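Keeping the supplied structure of chain A fixed, place chain B upon it in accordance with the hints.
Protein sequence lines, in the order shown, are assigned to chains A and B.
Okay, so the first sequence: first residue is 1 according to the working numbering, each after it adds one.
Okay, so the second sequence: first residue is 205 according to the working numbering, each after it adds one.
These are computed hints drawn from the structure, not numbers from a lab.
Since we're looking at a predicted model, the values are computed, not measured.
Built from N, CA and C at the ideal position, the CB exists for glycine as well.
Derived CB-CB ranges, DEER-like:
1) K276/B <-> P84/A: 37 to 45 angstroms
2) Q83/A <-> M294/B: 15 to 23 angstroms
3) G85/A <-> A228/B: 30 to 38 angstroms
4) Q285/B <-> F149/A: 54 to 62 angstroms
5) P408/B <-> V102/A: 44 to 52 angstroms
6) D401/B <-> Q83/A: 14 to 22 angstroms
7) S41/A <-> E278/B: 36 to 44 angstroms
8) D391/B <-> E144/A: 31 to 39 angstroms
9) Y175/A <-> E278/B: 54 to 62 angstroms
10) P282/B <-> T80/A: 22 to 30 angstroms
11) T179/A <-> D391/B: 39 to 47 angstroms
12) E225/B <-> P84/A: 29 to 37 angstroms
13) Q285/B <-> L197/A: 55 to 63 angstroms
14) D142/A <-> V405/B: 20 to 28 angstroms
Some chain A residues near chain B, calculated using beta-carbon distances under 10 angstroms:
15) Y71
16) Q73
17) T78
18) Q83
19) I89
20) T91
21) D96
22) K134
23) S141
A short list of chain A residues far from chain B (calculated; beta carbon distances all over 12 angstroms):
24) G40
25) V63
26) L65
27) P120
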Amino acid sequence: MKQSLIIFFLGVAGLASAQDNYFYFNWDVNFPLSNTEWIGSSSTRGAKFGFRKFIGSERKFSVGLDVNWAYYQEYKPTETFQQPGGGAITTDYFNDIFHAGVAASGQYYFPLGNGERFFPYAGIGLGAARNAYKVSYNIYSDEEESWGFLARPEAGILVRLGERRKLGLMAGVHYDFSTSKSETYGYDNFMNAGFQLGIIMMQW
Amino acid sequence: MYRVWIGCICLGSVLWGCEPEPDAMKLLDQLVVSTNYDNNVNFQSYSTYSIATDTIGFVSNQSNDTILIHTKSEYPRPVLQKVVTNLNAMGYTRVAKNQNPDMRINVYVVNNYNLFQQVVYPNYYYPSYYGYGYGYGGYYGYPYVSTYESNTGSLVVEILDLKTITPDNKVKVIWGAYMGDVYSAIDVIKQSEEAIDQAFVQSPYLHN
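Pulled out of the complex, with its shape left as it was, chain A reads as follows (with noise of 0.2 angstroms):
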């Protein structure tokens, strides 16, 4: 216990006095992978932004917060369901899911050249996701929304535009799994895979 505390307070103390950071906001592009029958449509309605701050003067370790959000949608043509009881319902419609996720996240660095302009990373996010899976058929949708534990490997690379701007791009690719799961729609979970690419400010 009391190492523990020793571990988070030195934590504590590195990340206060570490200088250096950046914001990022990408554009996220995003496959799904789980029950693709419902949604296997990939979505280009997405985002992904966050704050990571290096720990120590190398740059090698980095840490933060990662928030994303992508929306993924398939039509679906006329189809006749047989309801319980012997009713039926014929209806074209569309599946959504709305998936965003909070996650705090860790990165280690390879710097390439003399280590102020290239960074490839990998790193590990770990936090919560919330999907609302819809239908929408007419002017009528039902909807169901579920929280679940997210885990996000993540690798991609950082490039300083030149070596005295703050201004740089960003490119990655993730794989997300997330606990949060529908009965009503067949999910057990829900995982994704992602491309992101987009814009980081540096203050270093």
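For chain B alone, kept in the frame of chain A given last:
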């Protein structure tokens, strides 16, 4: 200057990532068709029916009107004719109301009325306006459960069992088709006709 561009990119991304509404033009070009029936009924034991020619009912909590009449609206006649065509194709024979039909066909539009909250109660007795003018005191044992939470405008076609009228003059709905939303329809008459066809297509047990 680059800060402005960054701001624009961020704002654009946020707006692009926001939840868009589904394409209404795709969803509104056909009505949702829901049918249900009393699966204890043998439809082969019915052979005749009666139906109005140019009047359909209108149930609303926003209007005092109780019927839609052919002379005031183009809607009733093609809708009723489509119901008749389908019933005849199923093998039933239309007769006059005073010829002791086996079934009565009720056709009405429900406007902004939460029909489905009421029908889930078992053995619920309906107000008399559902039986508009046909001398029945209400329904009993309504046989369907709907998934809709509310309707702003539904076309309803029902088959009433006139062979088993209760001593207190109540009749039972043995088949119902609920089609909506008629107020959002792009071409309401055409879409209603198509919906009625679909209601009978998905009810093959009606074949006589």
